[in-house]
Amino acid sequence: MTGGRIVVELDGVGKLHPGGVRALHDVSLTVRSGELLGIVGPSGSGKSTLLNLLGTLDRPTSGRIAIDGHELDRLDDDELSALRARTIGFVFQQFHLAPGLSVVDNVADGLVYCGVPRARRLAAAAAVLERVGLTHRSTHRPHELSGGERQRVAIARAVIGRPPLVLADEPTGNLDSRAGAVVLALLHDLHDDGTTVVVITHDEDVARSLPRRVEIRDGRKVVDHSERTPA
Amino acid sequence: MTTDRPRLDPSRTSPGDLVRVAGDGLRARPMRVVLSALGIALGIAAMVSVLGISSSSRATLDAQIEALGTNLLTVGPDDDVFGDEGHLPDSATPMIGAVDGVESVSAVAVLPKVKVYRTDQVPEAESGGIAVMAADLDLLETVGTHPVAGSYLNRATRDLPVVVLGHTAAARLGVAGVGPDRQVFLGEQWFTVTGILAPTPLAPELDTAALVGWPAADGLGTFEGHPTTIYTRTDPDRVTEVRSVLAATANPASPDQVSVSRPSDALAAKQAADATLDSLVLGLGVVAVVVGGVGVANTMVLSVLERREEIGLRRSLGATRAHVRHQFLAEAVILSVLGGLVGVLGGVLLTAVYATAHGWPTVVPWWVSAAGLAVTAVLGGAAGLYPAVRASRMSPTEALAGR
Ligand SMILES: Nc1ncnc2c1ncn2[C@@H]1O[C@H](COP(=O)(O)OP(=O)(O)OP(=O)(O)O)[C@@H](O)[C@H]1O
Ligand SMILES: [Mg+2]
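Chains as they are written, first to last, in numbering that gives the first Met the number 0: chain A, 0 to 230; chain B, 0 to 402.
A few of these clues could be false.
Facing chain B, from chain A, some residues (calculated, C-beta under 10 angstroms) [to be verified]: (1) GLY3; (2) THR48; (3) THR55; (4) ASP77; (5) ILE87; (6) VAL115; (7) HIS135.
Computed footprint of chain A on chain B; a stretch qualifies when at least three of its residues, placed anywhere within it, have a C-beta under 8 angstroms from a C-beta of chain A [unchecked claim]: (8) 309-318; (9) 394-400.
If you want a taste of the chain B side facing chain A, the calculated C-beta under 8 angstroms gives, among others [stated by the list, open to error]: (10) LEU7; (11) PRO14; (12) GLU102; (13) THR361.
The set of hints was computed from the structure by calculation and includes no laboratory data.
Just so it is clear, the structure is predicted and the values come from calculations on it, not from any experiment.
Note that beta-carbon positions come from the ideal geometry of N, C-alpha and C, so glycine has one too.
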């Protein structure tokens, strides 16, 4: 697995926020295809900033980033959007589901910018909902679901287009430990299928269950080790 | 390095998906949709109904004019030259009758200073604005009217003290029917009312007239028998041609002292004069629509602010700035056109109710509805432009954070 294709490459990346806050200093990081990686660190250490850069939602103020072989500084805004549409799936702590749409429509929206016709989107959504075990909730609205179920819907939406890279920012942050465990198991499932997964967490139990962990402190990478065969 | 760069399949969404996404956004907030489309709906309804009602009344008038015929020409002395005392030469009637293309000619002559009263007790001043006229026997066929009661003058009655009243004249004199006991006091003697005419739209002066036979008029006041108005029916295809020679025919010596008019034109022109109120309501409609457009803009600005997280999410799903911009533009246009659609339907309904109540056909020209919808589409685009551009320029991370 360590020999896989490079999916994420950061080289001396820094981020200075407009307000003058330096959120990241000189971070270098390589993630290979098929890895499952946890990013941990105290609040305000720059984890979300890092994930936004990995997800091309924001650009670094220094250093270079390549995602799936694309040098980001050579891509314009539309090309970054294309990269997000096809290569990256996002899972957020706040789920970000559309309250007015049914579960299956929310999931199908994950393909709406990929040029996939609606009928095929709905079929794909049904399939991926089965995978996260929510077929029986397809026609419900998000507010009728528990937090854990909502996050599973969000995961289904993130992976409906089979992106090679899934980024999750505190996916279990709003969930109790049982619901969190189900969500974590789904991320492990994705990893088992060969998807590269990056998870931000400050839950030590979650972090311990991941094969590789990167620790961030005050915007710097302080620890990066793999524990593929724990002692 | 550039050459081995993998190709990127761009983000794509179909126009159908664009409309669906925009519709989803609106369906999530139905109350807001209703309220912000309402202003536009009211404005469009006002405009459509004003145009519809005036079209319907015009259609009625056109049909009426069509039925009355547009081939009646009226010849008289030019009022500016003679005032009320003017008249035409005696030869005018037969001369006009001989013109090629004239189908019938009939003259009347106002009897100067002769008045008609309900009784012999009514003071001189209260003559009720009724003109006493001597009239030819074929007058009704020429002007296109008929008696509603009794009968018109004929060979037997034209020498007798009998009178036929115009529609308004009969009402003013309080004469509701005909018969030997229905008498009016005309030029110092009693005349029997033998007929009452229907309203005569093409010769409204006859509505306020009391008509007597030409011989009977002789000796009333200072009457000299000169015609004052000659009604002329022409071949419908030769109206213009006949009209151009009438003045010279009626008074070859001084044709500039003759006025020739076409009453059907005057009827149509009167309708145009009634249009001032229409333009007022139309103007109010425009104001309402513009205010409605501002309402849509306001709603969209609010919507964009409230839905930052959705915008951020869509960017994370691969939406380009253009996709976001188009989504909000489409929402504004749909919102506005929805208002326009309701407005057009409401306007047509209002027109139908008003027209039916007046016994008119309901006529709303197709272009009125089409223009109403087109205006709202453009308005929606204009109202949505600024919020849509704002939405598209949000940074994805800040939008996701709700900032
Ligand atoms: N858009 C922004 N503008 C200015 N400062 C920002 C912005 N986003 C983040 N920051 C600052 O950058 C630093 C890192 O923030 P970040 O959100 O990456 O931390 P985090 O590790 O995700 O924290 P948490 O665990 O609380 O989510 C913080 O000091 C934060 O205040
Ligand atoms: Mg964070």
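We went through each hint and held it up to the structure:
The interface hint given for GLY3 of chain A is violated, since its Cβ lies 16 angstroms from the closest Cβ of chain B, which is over the 10 angstroms cut-off. Here the hint on THR48 of chain A is kept, as its CB sits about 8 angstroms from the closest CB of chain B, short of 10 angstroms. About 9 angstroms separates the beta-carbon of THR55 of chain A from the nearest beta-carbon of chain B, less than 10 angstroms, and the hint is met. Annotation: ASP77 of chain A was flagged as interfacial toward chain B, and the flag holds, the nearest CB pair being 5 angstroms apart, inside 10 angstroms.
A hinted interface residue such as ILE87 of chain A counts as satisfied when its beta carbon comes closer than 10 angstroms to some beta carbon of chain B; here the least separation is about 8 angstroms, so the hint holds. With 10 angstroms as the threshold, the beta carbon of VAL115 of chain A comes within range of chain B, its nearest partner Cβ sitting at about 9 angstroms, so the hint holds. The beta carbon of HIS135 of chain A is not positioned within 10 angstroms of any beta carbon in chain B (closest approach about 23 angstroms), and the interface hint is therefore violated. For the segment 309-318 of chain B, the assignment as covered by chain A holds, since 9 residues bring a beta-carbon within under 8 angstroms of that chain's beta-carbons and 3 suffice.
Counting residues of the segment 394-400 of chain B whose CB lies closer than 8 angstroms to any CB of chain A gives 4, so the stated coverage by that chain holds, three being the minimum. Restraint check, LEU7 of chain B versus chain A: the minimum CB separation of about 5 angstroms is within 8 angstroms; hint holds. Using the Cβ-Cβ criterion of 8 angstroms, the hint placing PRO14 of chain B at the interface with chain A is not satisfied: the shortest such distance is roughly 12 angstroms. Using the Cβ-Cβ criterion of 8 angstroms, the hint placing GLU102 of chain B at the interface with chain A is not satisfied: the shortest such distance is roughly 71 angstroms.
Interface hint at THR361 of chain B: violated, since its Cβ lies 39 angstroms from the closest Cβ of chain A, which is beyond the 8 angstroms cut-off.
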